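A.B. asks: Residue numbers (the working numbering), protein chains in the order written: chain B, 1 to 437; chain W, 1 to 569.
In case anyone wonders, no lab produced these hints; they're calculated from the structure.
Any given hint might turn out to be false.
Calculated pairs, DSS-like style, for lysine-lysine (alpha carbon to alpha carbon, straight line, at most 30 Å) [stated by the list, open to error]:
1. B:LYS405 to W:LYS514
2. B:LYS406 to W:LYS476
3. B:LYS405 to W:LYS481
4. W:LYS481 to B:LYS406
5. B:LYS406 to W:LYS437
6. W:LYS514 to B:LYS364
7. W:LYS313 to B:LYS406
8. B:LYS364 to W:LYS481
9. B:LYS364 to W:LYS437
10. B:LYS364 to W:LYS487
11. W:LYS487 to B:LYS378
12. W:LYS445 to B:LYS364
13. B:LYS405 to W:LYS233
14. B:LYS405 to W:LYS487
15. W:LYS487 to B:LYS372
16. B:LYS106 to B:LYS5
17. B:LYS406 to W:LYS498
Covered stretches of chain W (chain B as the covering partner; in silico rule of three or more C-beta atoms under 8 Å from a C-beta of chain B) [stated by the list, open to error]:
18. 77 to 88
19. 115 to 126
20. 129 to 139
21. 148 to 155
22. 357 to 367
Here are some, though not all, of the chain W residues that point toward chain B, as calculated from beta-carbon distances under 7 Å [unchecked claim]:
23. TYR59
24. ALA60
25. PRO562
Keep in mind that this is a model prediction, so the values were computed, not measured.
C-beta atoms are modelled at their ideal positions from N, C-alpha and C, and glycine is treated no differently.
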Amino acid sequence: MKPHKITLYVYNVGFGDCFLLCFHYQRGGDRYVLIDFGTTAAPKGFSKERGSRLLADIAEDIRIRCGKAGLTAVVATHRHRDHISGFATSKDGKGPGDIIRNLKPKVVIQPWTEDPKAPVDALSPVQDPGRAQAFLQSLQDMQRVAEAIVQAAAPSNRSWLGKELRSRLAFLGEDNLANESAVKNLMTMGLKQYYVYFQSRSGLERLLPGVKVHVLGPPTLRQSDAIRSQRSRDPDEFWHFHRYWGFQARAAEHEMRAVKLFQAETLSVENAPVEMRWFCHRVRAIRGEQLLNIVRELDRQLNNTSLILLFETGGKRLLFPGDAQIENWSYALEKLHEEGKLDLLAGVDLYKVGHHGSLNATPKSLWSLFEKRGGEDKPERLKTVLSTLPGKHGSERTGTEVPRKKLVEALRQESELFSTNAMKVRDGLCKVIEIPL
Amino acid sequence: MRTRRLTIVAEDPSLQVGSGDQRRILTAEVEIPYEELAEGPRGHRVHVIDYDSTSDTIYAPLPAEAYANGQDPFLNPTNETILNNPNFHAQNVYAVVMRTLARFERALGRRVEWSFGGHQIYVAPHAFSDANAFYSDRDRALLFGYFPAAEGNQMIFTCLSHDVIVHEVTHALLDGLRQRYTDPSSPDQAAFHEGFADVVALLSAFSIPEVVRAALESKRGVPQSVSRSLLTKEALRKSVLLGLALQLGSELSGVRGEALRRSVQLRPGVEWLQDPFYCQAHRRGEIFVAAMMNAFVEVLSNGLATLGDVNGKGALDRGRVVQECADTAERLLNICIRAIDYCPPTDLRFGDFLSALITSDQEIVPDDSRYRFRDAIRANFQAFGIAPASGQVASGAWEPPVDESQRLDYTGVHFEALRQHHDEVFRFLWQNRGILKVFPDAYTKVLSVRPCSRVGPDGFILEETVAEYYQVLTLKARELKRLKIEKPANMPEDLEIKLYGGGALIFDEYGHLKYHVRNRIDNRNLQQERLQSLWDSGYFDQGFNSGQRFSALHLARMVRWPLGYAGRG
């Protein structure tokens, strides 16, 4: 048995990702896979009221589309809010996460870094429990940093940070907060949980007959060690990473408390001698930039826990890399190259553009592999799907804007691009893309 | 010159001596130039402002009278004072910054300017709650963070780490000496700032006898004499160098990483320069540090071998070992700092620095037979695959500026003006542009003119004038062909790029050009390598945020994502 058609529903979530893949079978009906469901900023043109019920509306739309079949699988590529906030439940049982839960997904697939048993399970894909424990602790430390920075940047705390910087800190920081309700729901909603990694089983083997699902990322610590030992000359490098985030978590929590360091005579900036004031204002500005740099770095690092999934069926290949960044991709590309399997990527028909169109998430070495890139007359031209909202992430001044203009230009020229940013309110909740097999 | 002595933390608060109730943080009294200080402390080059942005508080400084007449208000401080008195922290950063500045000025034989044009650098000893410390030229400042220790309630203050302070102020001083070294260029240039700052920090630490004494201390305490078997090159590497590197670890590794430990443990090998791990700017500096510190150990070991035994028992007096170590560090530090004047002003490679170092030292210490610093440096750089950039293979020193058959034109160039005025130097350069092979189509600017009086170890005085000029050429990628430079594959034809070049002009005491150390803007190989390296690193895609470059470099040094690896985009 194999599907004869795929339908991709691309939901306009503003800044976030939400994709519903439907595999249509002649016999056996339709099977639905939900890949991510989250947002951190409503789509443009949405009223406040409409924005506040966006996730509930989408969950309801998904429920209607899935019908009695329910969900075959839920995939949460990584723990960022813009990818999983829709899985949060509410006390009255009517939250978007409750609706998805009631669709009774048979499996929930997440990266190995979300496995609650990873540190102690001898069969988990880690070299030793101590390191795995430390690594997962570091991910939590990053979220502690984000939480402390969000609170430190609240208007009542540091008015001198300025509106624009505060809003950027809040946007990035909140995306990195621990999403307890969503995480808990994801951990328990499926009949079975799969925590997957590079070239592991996907968990979809029996559920999607005729479809091969390749897991291309993230690598495990053990897999990374094998390749890093050829590059790194410092066996303690891992522990620097671990210590650094531990220190930063404590430093950020101190920042949040904003208590004086010493019992000593102090002056206020406003009453300080004139020659001190200019410098104090500069230090405040530097501090704002520093906080933004830290939260950007941890955001980038958590992106690298992203799942990269490649669906292959009926001669078509669909690539969903979540928000994977260069480190995650470098591993996959090198290993596939070593194993002579780069053809898998060369033949991609549909590419979900990584990390909402940031440049680092679509490495040149990946983009240049796609053989179906080309002008409008290219047969079976590559389709690209971009879920994004400009003006929320990065800045043009520093060449970090999301989506990156240069990338969008390349996507337009060399593929059939669909961007959620092009959707109007009247276009409804989602765009439907048919992929005949 | 009148000086004063102030108490500082000798290395960092983790380095303690004594036992039980007597255990105390190791401090040292250091000599710095005398000046009547204002509140801050605030002197003619440094202004400490103790503003903490985390608590939005300014800690009130000591009144100026506390420092009047050369007083040290913190003589023999208790541990409590060292850790919990913000005024001691302010004194500590002031004294270490001034000591480092004085060291640079003494080595170079002239005043050293900050890159930002002002006279006083701001220093914030408790700038923010953050495991970071950095120099920001845009803000004319050195900023030191603090963060809670892993255990207990104690704070870790980066402003109490001698190593961290010297490292950061060296960035500031080097930026003043060579403004273009922060430009995007080769991995070597990006690495040099970090490597050079580490070398200065390490050698400065070794020039404090208290620190060396502590590094030689064994678990059984401080020996009165040291066996010769412990003073071989290998043994010294393990005891003194690694001892200090490990001391610098612990909590402060949260800020500095363990680059020093890695540098000290890096075995010589010509392969490192090509190793992908060391092609990253924040790692590559470690090769430079390793070569330099191995040279230090070799010279130290040679020097110790010439000292007499205590009672003829095959052991050396500990005090003499400590002094020899401090003296060797001091001399090597001078050699390193002087070399900067003899480096090209743009696109520095490690090999350029090696030739600069050999040449500048040769000028002031023609006879190196006693300590053989130059032999040791050449050999240890070679062991790490770093060859002198000069064409003079045997010595490695820079060549004379022109062939013997050529004569430079000094017509209308006035000696006194040449020692002071940018325009006079430019006139000399312009009227000799053909013979000096200065690319005429590029924008050219004389960046600095600096007369120097350098004093050699034997009291010999060397008078020189050092000028540097800089060239920039902006063109489209397709125009590179004009200079016979191939653009990197896939680089768009209409991409705008900048090529940099320039030279250091060293004039002797009579105003005649002795050396012309340059990287030509039309040097095909150099420019092609630079462009390829920048293209591969993604520089043209992402741009370059110069605002917090040192902060960003430190962050890259600390945080390496453990899954996968940082490949090329």
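A.B. asks: Run every hint past the structure and note whether it holds.
C.D. replies: Checked hints:
no., hint, result
1, B:LYS405 to W:LYS514, "violated, 51 Å"
2, B:LYS406 to W:LYS476, "holds, 18 Å"
3, B:LYS405 to W:LYS481, "holds, 29 Å"
4, W:LYS481 to B:LYS406, "holds, 25 Å"
5, B:LYS406 to W:LYS437, "violated, 39 Å"
6, W:LYS514 to B:LYS364, "violated, 48 Å"
7, W:LYS313 to B:LYS406, "violated, 74 Å"
8, B:LYS364 to W:LYS481, "holds, 25 Å"
9, B:LYS364 to W:LYS437, "violated, 39 Å"
10, B:LYS364 to W:LYS487, "holds, 17 Å"
11, W:LYS487 to B:LYS378, "holds, 29 Å"
12, W:LYS445 to B:LYS364, "violated, 38 Å"
13, B:LYS405 to W:LYS233, "violated, 56 Å"
14, B:LYS405 to W:LYS487, "holds, 23 Å"
15, W:LYS487 to B:LYS372, "holds, 27 Å"
16, B:LYS106 to B:LYS5, "holds, 21 Å"
17, B:LYS406 to W:LYS498, "holds, 20 Å"
18, 77 to 88, "holds (count 4)"
19, 115 to 126, "holds (count 3)"
20, 129 to 139, "holds (count 6)"
21, 148 to 155, "holds (count 3)"
22, 357 to 367, "violated (count 0)"
23, TYR59, "holds, 5 Å"
24, ALA60, "holds, 4 Å"
25, PRO562, "holds, 5 Å"
Of the hints listed earlier, those the structure fails to meet are numbers 1, 5, 6, 7, 9, 12, 13 and 22, in rising order.
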